[in-house]
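> Okay, here's what each chain looks like letter by letter:
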Amino acid sequence: MSEKALVTVRNLTHIYPGSSGKRAVDNISFSIREGETFGLVGESGCGKTTTGRMLVRLLDISSGSVAFDGQDITALQGKELLSYRRQAQIIFQDPYASLDPRKKVKDIIAEGIDIHHLASDRQERDEQVSRLLASVGLRPEHLTRYPHEFSGGQRQRIGIARALATQPRFVVCDEPISALDVSIQAQVVNLLKAEQRLRNLTYLFIAHDLSMVKYISDRIAVMYRGRIVETGPAGRVYENPLHPYTRSLISAIPLPDPEGERKRRRIPYVPAEKEEGGTLVEAEAEHYVWTS
Amino acid sequence: MMKRNKEMTKAVSLVPDSAFVPCKPGETEAEPPLPRALSFLEDSWRKLRRNKAAVVTMILLLVIAALAFLAPVIAPFDPNEQHLSWKNLPPKWPHVSIDGLNGTTLFRGRRVDSYALAKVPEGQYFLFGTDEFGRDLLSRCLWGTRISLMIALVAALLDLSIGIAYGLFSGMKGGRWDHVLQRILEILSGIPSLVLVVLMLLIFEPGISSIILAMTISSWIPMARVVRAETLKIKQMEYVQAARALGATDAKIALSHVLPNISGIVIVRAMFSIPSAIFFETFLSFLGVGMKIPNASIGTLLNGGYKVFRLYPYQMFIPAVILCVIMLSFNLFADGLRDVFDPKMKEG
Amino acid sequence: MAESVLDVRHLTVSFSTYAGRVQAVRDISFSLGRGETLALVGESGCGKSVTCRSIMGLLAKNAQVEGGEILFEGKNLLHLSNRAMREIRGGKIAMIFQDPMTSLDPTMKIGRQIAEAVRLHRPVTRAAAKLRAVELLEMVGIEEPEKRYHQYPHAFSGGQRQRIVIAIALAADPRVLIADEPTTALDVTMQAQILDLIKDIQKRTDTSVIFITHDLGVVANVADRVAVMYAGRIIEVGLSDEVFYDPRHPYTWGLLASMPTLAAKDETLYAIPGTPPTLIDPAPGDAFAPRNPWALEADRLAEPPLFPVSETHAAATWLLDARAPHVEPPENIALRAQAFRKKLSERSAAL
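Chains as they are written, first to last, in this note's numbering: chain A, 1 to 292; chain B, 1001 to 1348; chain C, 2001 to 2351.
One chain only, chain A, in its complex shape:
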C-alpha cells in the first residue's frame, strides 16, 4: 500500500432525478489510496451503493468531482470513458441478478475482454477466460454452463472473474458477500484479498456488516443519510467510535458469543434535530468525525 491516493472524491453529490431534489449522497469527500481497501458502511438507503455506482460512472454525478489517478473522470465521455471503465470495475451484491441468465459462463467472463479487445484471437481469449476461471476456483468444465446451474457462492466468483477480466486497478465491491451463506462468505473474502495482493488492486468495499468490513478494510467511512459521519483507520473507528451513530451501529452487531450477547446493551441513535451545517473534524490522527 502506498500513500498515493488513487481515487479522490470531492464534494460528491447525487440528487434523485425528479422534482423532490432529495439528496441520496450529500457533499461527501474522501480518498482511497492505491492498494488499500476502503470500507463504506451504513444501513440501506444511506447512499453507500449510490456512491459506489457514481465512482464507476453508472450513475450521474450531480455535483462534485471524482479523480482517478490524477485524472478528472467526472464528465468523461466516449473513448476516455471506455478507458476508465477498463480500469474501474464493480462486483455486485446479488449473485442471482448480476449474471445474464441466457449467457454461458465463458461469454459472461469474456465480455470485458471482447469490449476492450484484450485478446488478439479466439485462442488467446479462451486462455484468458480459463485462467480467470481457475483463479476464482472454478473448473474448466464450468465454462460452457449457464449461471442457474451454480450455487450462490460460485456465481459470485464468476462475477469476480468478470470484473477482473479487464485487468482493472480499482474495484468497487458492492456488498459482495451479504447475499451469501456464512460458510461461503469467508471463501469470497479470502478470494478478494488474495486477488488484491496478487494484482495490487484497490477496493471500495461497501457493506452493512461492520465486522466483516472491519476485517477486510484498512480505512472505513460510516455513512448516514447521505453523509459521511465518521472516517478513519478501521481499527480506530471500531475501537474508538466518536460519532453516536457509529457507536449505535457497533453496539447492534450481533456476535457469535452468547455470553457477550447477554451482557450487551444496545445504544439507540436519535438523530439531532438540527442536521444542517457541519464538517468533518479531525479528532485524532486520520480519524475524522462529523460535527455540527
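Simulated from the structure, these hints should not be mistaken for laboratory data.
All values reported here derive from a predicted model rather than from experimental measurement.
By construction, the Cβ of each residue, glycine as well, lies at the ideal position given by its N, Cα and C atoms.
Among the clues, some could well be false.
Claimed, not checked - The list that follows gives simulated cross-link-like pairs (lysine to aspartate or glutamate, EDC-like), each with its CA atoms no further than 20 Å apart:
1. A:Lys106 <-> A:Glu141
2. C:Lys2343 <-> A:Glu141
3. A:Lys79 <-> A:Asp114
4. A:Lys104 <-> A:Asp94
5. A:Lys263 <-> C:Asp2241
6. C:Lys2342 <-> A:Glu261
To be verified - Only part of the chain C face toward chain B is listed, based on derived beta-carbon distances under 7 Å:
7. Leu2120
8. Ala2295
9. Glu2297
10. Leu2301
Could you slot chains B and C onto chain A? The hints should help.
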C-alpha cells in the same frame, strides 16, 4: 432415549475399527460435480409438453400450415375455376352414405341426388361441395387458409421487426427520446384501422397489399409497448449494469443482453397477435373491402356463404369452422407458451 | 428441561423434481420446551425452512413427508385434516416470515389486518378485536397505536412493518412462534430492536420460539438451544453455550471460525472449502465429509449418528467415537473453549 441409544450402538458397530483413520488429503473432492441443469430450451420444451392443449393445438397448427402451404399441389381444382352447371353442390364423400355428406339435398321433403341432377360424372367428388359458381369449396378453403396464414405471418413479422425495434430503441434511449416515441405511438394507435382501410380503397385496389399496409400502421403497437416496458425492467438488472460498467454500448446491451432475456415474452406476444390479425383480414374481406374477388380467403368464403345460408348452410358452416379452429389453436397454443415463458402474466 | 410443547421425531421430507428426488430433510428429531427459543441454523438449502413448513403444514405441492411425526398437544400434525390444520396454523402455531412487505396486504389498513387475525381464531366482536389489535400494536412497540391503526403498510418503515407482522402472529396467543429469518431483510440497528422485541414478548407470554437463521450472531443473541443443520440433518445440537464455546462437529467449527473476530487482521480467514452438496441421490456416508478437513474413512462408509456429549449436547461426527483419533480444532475454536472454561471457573470460584 433408550431406543435412540440402541440405534446408535447398532450404527456404531457397523463401522469397522480400521475406518477410524483420517482420509488422505486430496481424496475428498470439496466441490461436488455440478449437476447438469436443463438449458432454457430444454426446460421450455419440458414445460410445454406438460400442457396437453398446447401440444394438441401445436400439432393441429402444423397440420393446417402444411395443408395451406401445399394448397397449390393438393387442391383438387383451381379455386377460381367455374363450372356453372355444377353450382351449389353439397359435399359428397366417397363411400359415405350419411345425409349431408353423400351429395343429396332435401327437396320438397325428399332426398334428391344433386350430383346426378347436375350430371356430374361418376367418381367426381366435392368433399366440401361447390359454391354458386360451381367452384370447388375444398380448394377455395385451402387457398383461403393460405391467405389467412400469410396474414398471420406478416403480422408476426411486423411485430418482430418494427415492434421490437421501436420498443427496444425507446426503452434503451429513455428520457426525451422515449417520451417523444411514446407520444407518436399514442397518435398511431388513435387511428381507426377500419376507416383507414376504407379510405385506402380510394387509392389502392382492394387486396392483400392494402390489408398489409393497414396492419403496418398499427398492428405492432402493442408489441412495441411490451418490449419497451420489458426493456426498462431489464435495463435495471445488475447484469446490464455490469455490462455497462465493462463499457458495453447501448446497442450491444440491447442486442446481447436485453433481447435474449425478453425473447420468451416476445414470442408469446407475437403468438397472441396472430389470431387478431387473421380476424382483421376475415372481417375486412367479409365486408368486401379486403381480398379482391374472385380470390378466396376465409372472409370472402364466409361472405359468399352467408348469403345462401338458408339454402346451402355448408357454404358458410365449413369456412366458419376452419376459422374457429385456427383462431382457437393459435390462442390455446399462445396460452401454453405463456405458461412456459411468462408465468407471471397469468397471475396478474 | 421444561415440559416439551412440540416434538419432531424422525421427520423425513423429500421433493420430487425433474432431476430426481431431493432429500431435503433426513431423519430430524428435536423437541421444543415451553418458553424456550430453539435456533435452527444452517446455510440455504440445509432443510431448516422445509422443517418449519412441515410443522406449519405449508409444504409445496411436490413435497412428500416420507416419515416421522410432529407431535403438538398430543396430536400428530402430519395426520391432521386440512381444516384442523388451518385452526392450528396462525392460531396455536404462528409464523413470522422474512419479508414483511409480502406478508402484509398493501391495500388493507394494518389495524384491520391485525383485527381479522384476532377474529379468525377467536369468537369475539369487532369492537373487542379492535381493542385487542390496538393492544397488540402497543405491545410490539408501535407508538400512538390508535392513530396508526388506520394507516396502510406503506406508511411504515421496514422495521415497523416487521413489528406489525409480529403483532399479527401474536394475535391468537400462539404457543409456538416460528420465525423464519425475521431480521435478514433489516438493517443491523433495526435487527437488534426486533430481536429484543421477540425476546421481550417471549418472556412476557411464555411462548416457545423456533428461530430460523443463517446468522450465528443472531443465534447467539436469541437462542437458548441451537440445532445446526447441514444437508438435511441436524449435525449438532446443544445449549447455546455448548454449541458456541465447545463445538464438536467440524462443520460448526468451520462456521464459527469463518467469522472474523474483532482482533483478527491480515490473516486469512478460515473458510470451509467447497460448496454444499445437492441432495439428489446423496452419496453414502457423511454429507459433510467432502468438505471436511478432519474427515475419517468412517465418514465415507456410514452416516455418523448423534453422539451425546452431555445431557443436552450431541454431535453427529465420527470424531466422537471412542475409536477415533484425537484431532485439534482450528485455533480460534480452541481459544473460544479456553476463554469460556476460564470464565466458568472464575464464576464458580466467585460463587
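> For the pair supplied as a hint, lysine 79 (chain A) and aspartate 114 (chain A), is the alpha-carbon distance within the 20 Å limit?
Cα-Cα ~15 Å, so holds.
> Given the hint that lysine 263 (chain A) pairs with aspartate 2241 (chain C), test it: the Cα-Cα distance must not exceed 20 Å.
Given that 20 Å is the threshold and the Cα spacing comes to 14 Å, the pair holds.
> Sort out whether glutamate 261 (chain A) lies within 20 Å of lysine 2342 (chain C), counting only the CA atoms.
Distance ~18 Å between lysine 2342 (chain C) and glutamate 261 (chain A) Cα, so the pair holds.
> Tell me if glutamate 2297 (chain C) is really an interface residue toward chain B, meaning its C-beta lies closer than 7 Å to one of theirs.
holds, 4 Å
> With a cut-off of 7 Å on the beta carbons, see whether leucine 2301 (chain C) makes it to chain B.
Interface hint status for leucine 2301 (chain C): holds (5 Å vs cutoff 7 Å).
> The hint names leucine 2120 (chain C) as touching chain B; please verify it with the least Cβ-Cβ distance against 7 Å.
Violated, because the Cβ-Cβ distance from leucine 2120 (chain C) to chain B comes to roughly 25 Å (cut-off 7 Å).
> Keeping to a limit of 20 Å between CA atoms, is the pair of lysine 2343 (chain C) and glutamate 141 (chain A) held or broken?
This hinted pair is violated, its Cα atoms lying about 51 Å apart.
> Given the hint that lysine 104 (chain A) pairs with aspartate 94 (chain A), test it: the Cα-Cα distance must not exceed 20 Å.
With a Cα-Cα distance of about 18 Å, the restraint between lysine 104 (chain A) and aspartate 94 (chain A) holds, given a limit of 20 Å.
> Check whether the Cα positions of lysine 106 (chain A) and glutamate 141 (chain A) lie no farther apart than 20 Å.
holds, 10 Å
> Holds or violated: the hint that alanine 2295 (chain C) contacts chain B, with Cβ atoms closer than 7 Å.
holds, 4 Å
Hints 2 and 7 from the earlier list are contradicted by this structure; the remaining hints agree with it.
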